[in-house]
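As a plain string of letters, each chain reads:
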Amino acid sequence: MSHAARLLVAALRDPTSVATLGADDWTALLTAARAERLIGTLAHRLDTRAVPPGVARILADAAEGAAQERRAALWEAEMARRALAPLGVPVVLLKGTAFVAAGLDAGQGRSIGDLDILVPRADLPAVEAALLDAGWEWVKDDAYDDAYYRRWMHELPPLIHRDRDRMIDVHHTILPPTARPTPDAAALLADAVPLGNGLSILSPADMIVHAAVHLFGDGDLAGGLRNLWDIDRLLREYDGTDFWAALAARAGHHQLRREVGRAVRLAHDLYATPIPPNWRVRRGADALYRRRLVARDGWGRQPYPFTRLGFYVRSHWLRMPPAMLARHLWVKARRAR
Amino acid sequence: MRHSHALRIGPVGFRVGSTWRAPITALRGLYAGYPTLKAEVPDLTVRLYPERPWRRWLRPSVAIGGDFWLPDAAPLPLAQGLLAAEMGMNLQVALGWRRHLLLHCSAVERDGRVLLMSGASGSGKSTLATLLALAGWRFLGDEFAFVALDDGAIHPFPRAASLKNEAVAAVRAAGGMVGPVLAGTPKGTIGYWRPPETAISRMTDAAPPKLLLFPRFGEPERVETMAPSETFVRLTQASTNYVTLGQTGFSALTRLVQTVPALAIGYPDSAAGLALVERLWSAA
Numbered sequence: 001m002s003h004a005a006r007l008l009v010a011a012l013r014d015p016t017s018v019a020t021l022g023a024d025d026w027t028a029l030l031t032a033a034r035a036e037r038l039i040g041t042l043a044h045r046l047d048t049r050a051v052p053p054g055v056a057r058i059l060a061d062a063a064e065g066a067a068q069e070r071r072a073a074l075w076e077a078e079m080a081r082r083a084l085a086p087l088g089v090p091v092v093l094l095k096g097t098a099f100v101a102a103g104l105d106a107g108q109g110r111s112i113g114d115l116d117i118l119v120p121r122a123d124l125p126a127v128e129a130a131l132l133d134a135g136w137e138w139v140k141d142d143a144y145d146d147a148y149y150r151r152w153m154h155e156l157p158p159l160i161h162r163d164r165d166r167m168i169d170v171h172h173t174i175l176p177p178t179a180r181p182t183p184d185a186a187a188l189l190a191d192a193v194p195l196g197n198g199l200s201i202l203s204p205a206d207m208i209v210h211a212a213v214h215l216f217g218d219g220d221l222a223g224g225l226r227n228l229w230d231i232d233r234l235l236r237e238y239d240g241t242d243f244w245a246a247l248a249a250r251a252g253h254h255q256l257r258r259e260v261g262r263a264v265r266l267a268h269d270l271y272a273t274p275i276p277p278n279w280r281v282r283r284g285a286d287a288l289y290r291r292r293l294v295a296r297d298g299w300g301r302q303p304y305p306f307t308r309l310g311f312y313v314r315s316h317w318l319r320m321p322p323a324m325l326a327r328h329l330w331v332k333a334r335r336a337r
Numbered sequence: 001m002r003h004s005h006a007l008r009i010g011p012v013g014f015r016v017g018s019t020w021r022a023p024i025t026a027l028r029g030l031y032a033g034y035p036t037l038k039a040e041v042p043d044l045t046v047r048l049y050p051e052r053p054w055r056r057w058l059r060p061s062v063a064i065g066g067d068f069w070l071p072d073a074a075p076l077p078l079a080q081g082l083l084a085a086e087m088g089m090n091l092q093v094a095l096g097w098r099r100h101l102l103l104h105c106s107a108v109e110r111d112g113r114v115l116l117m118s119g120a121s122g123s124g125k126s127t128l129a130t131l132l133a134l135a136g137w138r139f140l141g142d143e144f145a146f147v148a149l150d151d152g153a154i155h156p157f158p159r160a161a162s163l164k165n166e167a168v169a170a171v172r173a174a175g176g177m178v179g180p181v182l183a184g185t186p187k188g189t190i191g192y193w194r195p196p197e198t199a200i201s202r203m204t205d206a207a208p209p210k211l212l213l214f215p216r217f218g219e220p221e222r223v224e225t226m227a228p229s230e231t232f233v234r235l236t237q238a239s240t241n242y243v244t245l246g247q248t249g250f251s252a253l254t255r256l257v258q259t260v261p262a263l264a265i266g267y268p269d270s271a272a273g274l275a276l277v278e279r280l281w282s283a284a
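For the record, the sequence lines run as chains F and S.
Residue 1 is where the first sequence starts when you use my numbering, and the numbers rise one by one after that.
Residue 1 is where the second sequence starts when you use my numbering, and the numbers rise one by one after that.
If we strip away everything but chain F, and leave its shape as in the complex, we get:
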């Protein structure tokens, strides 16, 4: 584990661990926290009266930045709600926006970029038309990308709003149809929890399942510490006698038992998340994931290029069959040059 990542994980897990840090350690910690998009969370966790004044200023900036992102995310959700309300289709908020809209601990100080929503697949054309009508526009003008998204992805190609410059990702399920596990999208929608304003969030178990998919399925595990922190907060908030059985059942139902199990173990490993004994079955590959998650140095860089490449290929492996993966990586590599 790199020193900076160790400091970051320790500070999140036990905020009093920062009491003895000198300027160089603070610099490494704050830089790593920014790079992992966890600085708003850190600002919320730490007692800013007990840190050096220069650090307190940086954390105050981060707290204000997170508050602004929260405001913007909630407003963006409201804009989508208004655009889609006439359709009468269920709209489920996902990830960061869902956390802040529901007032969950996982939303405290969290950085939030795009708006992610889940809608029924059958309603995608109507949703797309309504969003385009309300000022969202296509981001990708590349024909391969567009066709790829529409044919193979679990979401529409990303849309951006022409006035507010904010992106929306419209999902119809939580993994691409090409992936071997096939989550039950209808069940995600059926069990969603209404927020009372026409929008919903996933049920507690589904929220963890989705967070685990997000952790392992997106790119090369970049931003993994933040996604794992989400899981830690959600597990602590939903912890209870019935919850763990429900989570196990739900993970099995979505064919994601292995991913959810690993996410839970990693959260326990890094953030000391309390988990039941029967969830603590160690797997050999856990150490590799752990190594990848804590690869962030005091300058915000990610060492271990080969580990990263491995995880990039692996994340795609989760998403698509080998021949298709080969073709996809070939097109991407040719374009990158």
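Please keep in mind that the hints were generated in silico from the structure rather than gathered at the bench.
Virtual Cβ for every residue (Gly too), placed ideally from N, Cα, C.
Do not take every clue at face value.
[Unchecked claim] No more than 25 Å apart at the CA atoms, straight line, and that leaves these computed lysine to any residue pairs for SDA-like:
id, chain 1, residue 1, chain 2, residue 2
1, F, LYS332, S, MET177
2, F, LYS332, S, PRO75
3, S, LYS38, F, ASP24
4, S, LYS164, S, ILE9
[Claimed, not checked] Derived Cβ-Cβ restraints for the label pairs, each shown as a range:
id, chain 1, residue 1, chain 2, residue 2, range
5, F, ALA126, S, ALA183, 50 to 60 Å
6, F, ASP24, S, MET177, 34 to 44 Å
7, F, ALA19, S, GLN258, 40 to 50 Å
8, F, PRO321, S, ALA39, 47 to 57 Å
9, S, ALA39, F, ALA326, 36 to 46 Å
10, F, GLY135, S, GLU51, 55 to 65 Å
Following the hints, complete the assembly by docking chain S onto the known chain F.
Frame of chain F; chain S shown alone:
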């Protein structure tokens, strides 16, 4: 990183790290005499690194990174490493700073009041600020005006002025020392002008704004009064953090346009520009 330098410019503590020695040596030279950070945590980090591992030696190319990040920042050749460091510092401030409202403005001070000049690249705002500094005004900065969120005062950010193309000769003709000069950059020839000692020693002295100009170099002389509403809209476009500051930014900008008169001016050459500024300043 292998090579690094940490320094303070106005309210901002920077840490610049580089894979190569040359950009850091150039940075230390240009900013000799500026306060360095000792046992202080920098506010912003800039990284200069090879985009691909072999680009460290083979046709070295300097990618610009840091705490905050834009997807399409193009790398520069190693000979322009100083420009990369400067661009990196600008980028980090533009994307990450929240303690002031940032406006793309040059700023100079006289008699305890500040003259702000806003405009796109090529408008002459850097050149005018540098020439005014050579004529005795205090130089606060040529890139960003830091507007205090509580009282609207302008805080100095006295980076080296970056003079483009003909501006290098114009400043030299007025007696200014320009160097180093980088030719063939994406922005043409760039020369760095080091602010006078008073600008550096007084880098924490803020002052209230008195006049805002929107200069246009190379045009017939003209002066047009701008309505606060028009000024407001133009400055939202000239601000890098107006949106992210939310209501705080709105309040700061509203106060600025309501309390500071704004004029759009055209001027054919530097001499005419200087004379015009002096005249408008006296009348303001």
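Now for the hints, and whether the structure bears them out:
The hinted pair formed by F:LYS332 and S:MET177 fails the criterion: a straight-line CA distance of about 49 Å is larger than 25 Å. For the proposed pair F:LYS332 and S:PRO75, the alpha carbon gap of about 21 Å is at most 25 Å, so the pair holds. Between S:LYS38 and F:ASP24 the alpha-carbon distance is near 10 Å, which keeps this suggested pair within the 25 Å criterion. With a CA separation close to 22 Å, the supplied pair S:LYS164 and S:ILE9 stays within the 25 Å bound.
For the pair F:ALA126 and S:ALA183, the beta carbons lie near 57 Å from each other, so the given range of 50 to 60 Å is met. One distance hint, 34 to 44 Å for the beta-carbon pair F:ASP24 and S:MET177, holds here, with the actual separation near 36 Å. For F:ALA19 and S:GLN258, the Cβ-Cβ distance of about 46 Å falls inside the hinted range of 40 to 50 Å, so the restraint holds. For F:PRO321 and S:ALA39, the hinted distance range of 47 to 57 Å is satisfied, since their beta carbons lie about 56 Å from each other.
Between S:ALA39 and F:ALA326 the beta carbon distance is about 53 Å. The supplied range of 36 to 46 Å is therefore violated. Taking the beta carbon of each, F:GLY135 and S:GLU51 are about 36 Å apart, not inside 55 to 65 Å as hinted.
The structure does not agree with the numbered hints 1, 9 and 10 stated previously, though it agrees with the rest.
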